[in-house]
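A.B. asks: Read top to bottom, the protein sequences are chains A and B.
Taking this note's numbering, the leading residue of the first sequence gets 1, the next gets one more, and so forth.
Taking this note's numbering, the leading residue of the second sequence gets 1, the next gets one more, and so forth.
Don't read these hints as lab results, they were simulated from the structure.
Be careful, since some hints might not be right.
[As the list claims (entries may be wrong)] Stretch by stretch, here's where chain B covers chain A in the computed footprint (C-beta under 8 Å, at least three residues):
id	region
1	111-124
2	181-189
3	200-206
4	214-226
5	237-248
[Stated by the list, open to error] Have a look at the derived ranges for each label pair, beta carbon to beta carbon:
id	chain 1	residue 1	chain 2	residue 2	range
6	B	397	A	281	40 to 46 Å
7	B	457	A	267	35 to 41 Å
8	A	215	B	397	55 to 61 Å
9	A	9	B	254	42 to 48 Å
10	A	22	B	56	39 to 45 Å
11	A	259	B	113	23 to 29 Å
12	A	262	B	457	42 to 48 Å
No experiment lies behind these values; they were computed from the predicted model shown.
Note that the Cβ used here is the ideal one computed from N, Cα and C, for glycine as well.
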Amino acid sequence: MSTILAPTSTAELATIVRESIAVNCALAIQGARTWPLALARASATATPLSLHMISGIVEYVPGDLTLTARAGTTLAEIEAATRANGQWCPLLPWGTDNGTLGATFATATTGPFRAALGAPRDLALGLEFVDGTGATARGGGRVVKNVAGFDLTRLMVGSWGTLGVITEVSIRLRARPAVDQTIAVQCDVDDLTVLARIDAFRRGPYVPLACECIGAAHAMTLGLGEARLLVRVGGNAAFVAESVRRLGELGAVEAHAPELWAHYREHDPYRRHFTDAYATPLAARVKRKFDPHGILNPNVLGEVAS
Amino acid sequence: METLRHIVGDRHVLTRGSELLVYENDALPGYHQRPSLVVLPGTPEEVVAVVRALYAAGRHWVARGAGTGLSGGALADGVVLLGLHRLKKIISVDPIARLAVVEPGVVNANLTKAATPFGLHYAPDPSSQTACTIGGNVAENAGGPHCLKYGVTLNHVQAATVVLPDGEIVKLAVPSDHDAALDLMGAFVGSEGCFGVALDVTVRLTPNPEGVRTMLADFSSMDDAARATSAIIAAGILPAALELMDAATIAAVEASVYAAGYPTDCAAVLLAEVDGAECGLDDDADAIAALCRECGARDVRTARDAADRARLWQGRKKAFGAMGRVASHLAVQDAVVPRTRLAPILARIAEIGTRHGVHVCNVFHAGDGNLHPNVPYNADDPDENARVHAAMKEIMELCIAEGGTISGEHGVGFDKLPYMEKLFPGDSLDAMCRLRDAFDPLRRANPGKVVPSHACREWIAAPGFNA
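Given only the sequences and the hints, what does the whole structure look like? Please build it.
C.D. replies: Here's what the structure looks like:
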């Protein structure tokens with residue numbers, strides 16, 4: 001289908017959803033089209049609905065370490081705005097920074113920094129969405145702690161656009177570490193003894209931002225030569241110095257530019273496993289409450305139990 | 001009722017007025033509502049049988065942990081109260097995976113005690129942690145001082161077995177990074193007993209930090225202390241905890257058995273803690289001390305040893321209790337505001353208190369912007385009662401207008417219900433009602449809490465609805 005709907009506001013999007021209900025036309029939700037897996041699963045008869053025009057940072061108060069942006073805002077835009085204040089959105093998910101904020105949260109995409117810095121469910125403070133009835137709702141808020149009302153935010157994060165179309169997300173930011181080093185360690189990442197020592201390092205107390213075992217083939221594409229342990233350590237100078245000293249006990253260390261992580265993230269080591277999320281009676285009831293006509297991303301998370 | 005007695009035994013069904021008295025209120029002393037009866041199952045199987053019996057009998061019910069809630073969430077007005085404190089089994093502790101599986105009635109601090117031999121602890125630490133239960137923590141998405149660094153209950157719950165109000169048993173779990181799946185576990189945490197009862201909960205355990213530095217900074221003005229908080233957060237330091245107490249709170253604490261040695265001649269103290277790996281810890285502590293001094297701290301001292309540290313914390317954690325000496329009742333608020341707006345908002349709260357002639361005691365999670373402006377008062381004095389509630393309403397409206405929220409960790413329950421419509425538009429409240437309906441279509445669990453009934457359109461439309 002050649003038509004791509006691209007609303008420029010939440011109100012316009014809500015109108016599209018209501019009109020789609022009226023004509024019984026399903027919608028396939030898209031951000032920057034960087035998720036071929038989801039695109040492939042979307043029904044071929046569904047009309048593509050792109051969020052890329054609902055875009056831009058709505059509010060950013062650096063002193064609060066919080067940011068609110070429209071769904072179509074790219075991760076690169078958020079990266080640029082926050083970098084200027086020594087901050088970052090610590091998700092750094094698999095894929096590229098051309099991906100959008102909305103899609104990252106709708107798909108709950110994590111990355112190599114998840115263990116240290118959190119997943120989308122941990123970083124989302126609140127969001128706005130248009131559900132399958134055409135209603136616009138908000139969950140959570142913009143402050144860093146919020147338990148008022150039932151948690152629509154956690155419901156939407158990771159629901160792959162099957163319950164609502166996320167139009168805006170408020171996120172928690174982090175200060176960039178004062179010292180940030182990327183270290184490749186020469187060690188045999190297939191050796192069980194070595195793996196046990198890597199695990200001991202990773203478990204702390206000098207917890208790294210990321211710690212990834214890179215096999216030989218992958219190391220080649222990253223320009224690392226051979227198999228390596230790739231580690232990013234961040235903190236104050238004393239913390240990082242001690243971390244690097246400890247890594248040195250695992251093998252020879254070499255420093256790399258942090259840009260290496262951008263290349264690494266482009267290669268997604270986790271192929272998503274799509275479950276039949278709506279196979280249980282409870283999940284099916286949730287689906288019917290939020291998308292009673294089944295027009296949002298049909299089939300992406302499987303059939304809805306009857 | 002005979003069915004219930006048959007399930008749990010005669011001893012565990014309470015019906016006499018004197019027995020029900022204990023269950024009339026939670027830790028918020030302002031409300032008393034008597035349940036029709038109290039049923040206290042002792043095993044997960046009994047919980048399921050009780051829920052199914054109540055479902056079959058068409059009865060409404062309210063789940064309750066230890067009754068330490070601060071929002072009136074466990075009030076059961078003429079309906080059945082389902083007490084879960086007998087389910088206190090720690091089913092397993094896995095130090096390698098750093099996970100524990102517990103029954104809902106396990107006391108928060110007892111879980112940490114069980115994890116201690118492995119160098120682990122359960123991170124969310126509400127001030128009531130020596131009494132409150134994990135089930136209650138899950139229901140309220142409880143926080144605590146150390147949630148600034150470690151996250152709230154939501155961030156520590158991995159899975160749960162839940163009995164839904166219609167008696168169906170479901171397994172909920174946080175989806176793994178590899179799976180594309182719904183996060184109904186996340187939706188369940190903080191559902192305030194409206195979505196069902198957890199029969200067991202799988203929680204993450206956190207390694208004990210290698211080092212800890214606890215500091216006490218005292219200020220001659222609240223404004224300086226609030227500015228120091230904002231400066232520490234803006235500087236990018238992530239303390240384990242950052243707690244503020246004002247002069248009224250310090251006076252209450254120091255006059256009580258929980259006296260912590262806080263200076264009684266200052267306007268505010270800031271309790272700051274950094275923890276983690278030893279290397280670098282002193283640098284972070286020094287940076288915090290320097291920022292406090294730059295903002296006008298009179299003195300910054302570091303706890304000498306573990307005993308000194310425990311004493312500094314005791315004063316903070318028992319502050320609500322210490323206020324019990326001041327008056328018979330305590331109005332408790334739990335608003336969250338942007339952290340850069342702390343100083344002006346606290347000044348406005350002081351002004352509101354003065355204008356209404358009420359005694360506001362501030363003790364709160366400053367690092368998160370999570371305020372607890374509490375007012376000790378005498379609820380039997382109609383004039384004082386009216387002034388306290390007028391002041392509280394104004395404070396909440398101020399926090400909402402400043403872009404904040406009405407609850408950071410205590411939940412909406414019954415007490416904060418009137419503010420939900422000021423915070424959320426109608427469509428959002430309706431969406432929350434629909435989420436609840438998916439878990440509990442007949443609204444048997446904790447009726448009338450969290451979202452005002454009249455905000456739920458399907459319910460208004462249903463035959464026989466009365467608000």
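A.B. asks: Each hint: holds or not?
C.D. replies: How the hints compare with the structure:
| no. | hint | in the structure |
| --- | --- | --- |
| 1 | 111-124 | holds (count 5) |
| 2 | 181-189 | violated (count 0) |
| 3 | 200-206 | holds (count 4) |
| 4 | 214-226 | violated (count 0) |
| 5 | 237-248 | holds (count 6) |
| 6 | B/397 with A/281: 40 to 46 Å | 41 Å, holds |
| 7 | B/457 with A/267: 35 to 41 Å | 47 Å, violated |
| 8 | A/215 with B/397: 55 to 61 Å | 58 Å, holds |
| 9 | A/9 with B/254: 42 to 48 Å | 56 Å, violated |
| 10 | A/22 with B/56: 39 to 45 Å | 41 Å, holds |
| 11 | A/259 with B/113: 23 to 29 Å | 46 Å, violated |
| 12 | A/262 with B/457: 42 to 48 Å | 47 Å, holds |
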